[in-house]
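**Q** One-letter residues, chain by chain:
Protein chains: 2
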Amino acid sequence: MHARFYAPEAREVGSEIALPEDEAQHLSRVLRLGPGDPLAVFNGDGDEFGAVVAAISKARITVRLVSRATAQDELSIALTLAQAVLKGDKMDDVVRDAVMLGIATVQPLVTARSEVTLAALTRGARRERWHRIAVSSAKQCGRALVPAIAPPIMFDGPTSLAHLPAPLFILVEPGALERPGSVADVSDTAPAAATLVVGPEGGWDAAELARCASHVHPLGLGALTLRADAAAIVATAALLTRWKLL
Amino acid sequence: MHARFYAPEAREVGSEIALPEDEAQHLSRVLRLGPGDPLAVFNGDGDEFGAVVAAISKARITVRLVSRATAQDELSIALTLAQAVLKGDKMDDVVRDAVMLGIATVQPLVTARSEVTLAALTRGARRERWHRIAVSSAKQCGRALVPAIAPPIMFDGPTSLAHLPAPLFILVEPGALERPGSVADVSDTAPAAATLVVGPEGGWDAAELARCASHVHPLGLGALTLRADAAAIVATAALLTRWKLL
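First to last, the protein sequences are chains A and L.
By our numbering, the letter at position 218 of the first sequence is numbered 218, and the numbering carries on one by one without gaps.
With the second sequence counted from 1, adding 1000 to any position gets you our numbering.
FYI, nobody ran anything at the bench for these hints, they're computed from the structure.
Warning: the hint list may mix true and false statements.
Between beta-carbon pairs, the in silico distance windows are [unchecked claim]: (1) L:R1129 - A:G157: 41 to 49 Å; (2) L:T1159 - A:P38: 42 to 50 Å; (3) L:Q1025 - A:P8: 48 to 56 Å; (4) L:R1113 - A:T70: 22 to 30 Å; (5) A:A119 - L:P1167: 15 to 23 Å; (6) L:R1029 - A:E9: 38 to 46 Å; (7) L:E1074 - A:K244: 24 to 32 Å; (8) L:A1210 - A:G202: 25 to 33 Å.
If you only want the chain A side, here are some residues facing chain L, beta carbon under 10 Å, derived [claimed, not checked]: (9) R129; (10) D205; (11) L224; (12) L240.
Computed from a prediction, not measured in an experiment: that's the story for all the values here.
Here a beta-carbon is modelled for each residue, glycine too, at the ideal position from N, C-alpha and C.
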């Protein structure tokens, strides 16, 4: 199998396109490919191509798209992960895992117990960073589609979630609610779209949960306390299994 | 809720026991508890106690067990994770996650494509390290039982797996087999025990898979390539969901 590169400009067989700078570096410095060498290319919008290196100069590397290839099938459900931003680089891991499991969109949230502000996320160019991580994960897991990273938003009740695809499931930690549903209570017919809402390290504020109670389905995952950065991958795997998509 | 400590000697209410050294350090240096302060104690065999600090000296810290507490329920299935040892500290993460998901036993494997030998694992005291990680994960997720870390073994066909509880499921990467079963093909009635076998970074050698074909159920998890250190957590979550245990 040929090495696989992300080239968002790839659209038409026969065209010659430039690789993004970090992809170009990987091609020439790490893999040491040269003109004429074959490679695989995906554009992040779901298209996959066979290609060859066309030209290498100091300034840029161009590749020629020689054939359309079969892209990896996407899940039949458009699943959005609305994830409270976690501390340090834990959010990076969540984004990486979400892409690997076939999530369609990541919606970063700032919640009552988040230890970060929207301003700090913007200043730190975190969204751009998460996009790069999504690209890298798509390369590794074989997806031709790079999930969208939506601009981070404040989670302040149901209105802030109104734009997210229903049904919405909100993951709650053990003991946070009297009787959250379990994944076995979720209909086993996969919806066309859905949203999974996952909280930060400190869990949800009781007022937060109460405010959105009528708009989201609370979902518990057994009695054990999951690490905050593992909650999304476990809940996603559970829902996909319930819907026979894994 | 009181801070929670691992004390393998804790057996009988009324007795006074010493804490292991690292737990003692955590109690006195990090949490700065003193004589009379309340704490929670679990022994790793499934028992949970209320306790108070009895005495603190330079050499050791003793606690008095004052009441038996309700331990976290364990899963109704004794699930063994037979995991090929991964590179670097990735195996640490697998052990941590397995404990968090309720696994009963971890059986480290050295496989055809493993980049480590049994001798190196012994020399590096890796089993002791994984035990410490299991303790730490049990503390965090609330389990009173610390899963056993079995001595690493060579995976060389069905005989090497004969001691592991049946049914055995072997996770196979996309494309490794013509038609592996999916988790939806697994009976939805939870067995009393089972084993999940997960391979190393390079996946299974074809001969390895062929040799154990009659003894294990091959299990695929969708079309995407999972990171080696995420495979066990995803497969465990999927099986527990299938069995309505999550």
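**Q** Evaluate each hint against the coordinates.
**A** Against the structure, the hints come out as follows:
For R1129 of chain L and G157 of chain A, the Cβ-Cβ distance of about 45 Å falls inside the hinted range of 41 to 49 Å, so the restraint holds. A C-beta distance of roughly 43 Å is found between T1159 of chain L and P38 of chain A, which places it inside the suggested range of 42 to 50 Å. For the pair Q1025 of chain L and P8 of chain A, the supplied restraint of 48 to 56 Å holds, since their beta-carbon distance comes to about 52 Å. Hint check: R1113 of chain L to T70 of chain A, Cβ distance near 27 Å, so the stated range 22 to 30 Å holds.
Taking the beta carbon of each, A119 of chain A and P1167 of chain L are about 53 Å apart, not inside 15 to 23 Å as hinted. At roughly 56 Å, the beta-carbon separation of R1029 of chain L and E9 of chain A lies outside the given 38 to 46 Å, and the hint is violated. The given range of 24 to 32 Å is respected by E1074 of chain L and K244 of chain A, whose C-beta atoms sit roughly 28 Å from each other. Range check, A1210 of chain L to G202 of chain A: about 49 Å between beta-carbon atoms, so the 25 to 33 Å window is missed.
Annotation: R129 of chain A was flagged as interfacial toward chain L, and the flag is violated, the nearest CB pair being 19 Å apart, outside 10 Å. Below 10 Å, beta-carbon pairs count as interface contacts, and D205 of chain A has none with chain L, the closest being about 18 Å; its hint is therefore violated. Satisfaction of the interface hint for L224 of chain A is found here, the shortest Cβ-Cβ separation to chain L being roughly 4 Å, below the 10 Å cut-off. Here the hint on L240 of chain A is kept, as its CB sits about 8 Å from the closest CB of chain L, short of 10 Å.
Going through the hint list in order, the structure does not satisfy hints 5, 6, 8, 9, 10.
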